[in-house]
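Enquirer: Can you build the whole structure from these sequences, using the hints too?
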Amino acid sequence: MKKLGIFILDLKEYITLAVLIVISLVLIFLNDNPQIRFLRAAAITSFGTVQSGISAIPNVFEMEKENKELREDNIKLANEISSLKESKLENIRLSRLLNFKEKIIPGVISGKIINKSLLQTRNTITLNVGENDSVAINMPVITDDGLVGRIVSTSRNYSIAQIIYNKDMRITVKVQRNRLDGILSYDGVSNLMVNNIQKSADVNVGDVIITSEYSNIYPPGIPVGTVSETGNLDNLFKKVVVTPLVNFLTLEEIFVLKFVSSKERSELEKAFQKK
Amino acid sequence: MTVKYIKYLAIIVVLILVQKTLIWLISLSSLNITPDLVLIAVVYISISEGKIFGSITGFIAGLTIDLISGSFLGLMALSYSITGFVAGVFFTEGDKNLSKINFLVIIFLCSIVSNLVYYVIYFQGLALNFFEIFSKYILTTSTYTTIVSIVYIIFPGKKALKEGY
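Protein chains in written order, with my numbering: chain H, 1 to 275; chain Y, 276 to 440.
To be clear, the hints were calculated from the coordinates, so they are not data collected in a lab. Errors might be hidden in some of the hints.
Unchecked claim - Taking beta-carbon pairs under 8 Å as the criterion, some of the chain H residues facing chain Y (in silico):
| id | residue |
| --- | --- |
| 1 | I8 |
| 2 | K12 |
| 3 | E13 |
| 4 | T16 |
| 5 | L17 |
| 6 | L20 |
| 7 | I21 |
| 8 | S24 |
| 9 | L27 |
| 10 | I28 |
| 11 | N31 |
| 12 | N33 |
| 13 | P34 |
| 14 | L236 |
| 15 | F237 |
Unchecked claim - Non-contacting residues of chain Y with respect to chain H, defined by C-beta distances greater than 12 Å in every case (computed):
| id | residue |
| --- | --- |
| 16 | K282 |
| 17 | V288 |
| 18 | V289 |
| 19 | L297 |
| 20 | S302 |
| 21 | L303 |
| 22 | I308 |
| 23 | T309 |
| 24 | I343 |
| 25 | S354 |
| 26 | Y397 |
| 27 | K411 |
| 28 | L414 |
| 29 | I425 |
| 30 | I428 |
Glycine residues also receive a C-beta, built at the ideal position from the N, C-alpha and C atoms.
Expert: Shown next as structure tokens:
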């Protein structure tokens, strides 16, 4: 205690000065003029800087709690983003389809693929539309990109469509550029081929293949694919490989065209062939 | 002893009155640069009595000026308290620092300190930079105050006369 007294006595000059300075500063800060407002602002800024520095010292327990909350928020937000992305993509796809539906074809039934097989020789897709939606056998199935296939089986609420990657499919097609006719089929392995194209025919890579008016199932002019490879098949015919315009791997929404083949035409053609 | 304090008080009071009423007669330039007569007295008292007495005298003198002028309460008190303390550092037995050149140098130094504290706070928030404040106000006022304090040397007191000043 005595030492403390001596210590204070040694510092009495400085303590006096400090007290006087404090009193002066208190008096100064009682003023309300521009200088003091500026000084107050400077003091607050300085204090804020110091406080900010102190608050930067990590509180381990608080940080752990905050980390946990942030992780939870992160998971929630990630789920939300994923859901929003999905909605956005669906929106884009549906907008394109809607636009296509309004622009081109009246009398279509829109549906979703609920099952599909792509690795077999006879590939099909199952649709969530059926007889109740006016879906009938042999109706063409398309997207805004091009031809998908045709309906081969129906129930009240579902239907099955044969896609162009099916060995049983035969589609009369033509080269859009020069109207050259041919028959599109699936080789059962990986390629779509246009058959019956003469060796001398003018077919180039990039040519667009469309459905022909000779078909009794598909309306003419539906894009099917583009020529991706040409070569000689044998001495008479050309090998023409076609890449479809529709991406079957990502296909989700389709349209069933209310296009029913003409019975009169079919019967006439059958009767003529029997003769 | 009491007489001495009364004398100090009287000197301070008189100089404050002169400072606040007649000093404009010797002001220089459009910036109204004036000598700080009260500061001379505070420095004198501090050198004679030491840091504590000097700072308290400075505080009282400054506060009185603040109250009279009514503009920036506490600023002159702060400035003179620090000045009194700084001047008190030069307190020595035998008042060696009250002699001629030493006193002038101390006056100049203390005046710089006093004006530095005063003007730096006074001009806060204005478009003047430190160099302008220092050259236009601090240095000029300090120089003027030092020049005026030569009067103390020209007219030495009884003590100095007795000692063959």
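Enquirer: So, against the hints stated earlier in the document, which numbers end up violated here?
Expert: 1, 14, 15, 25 and 26
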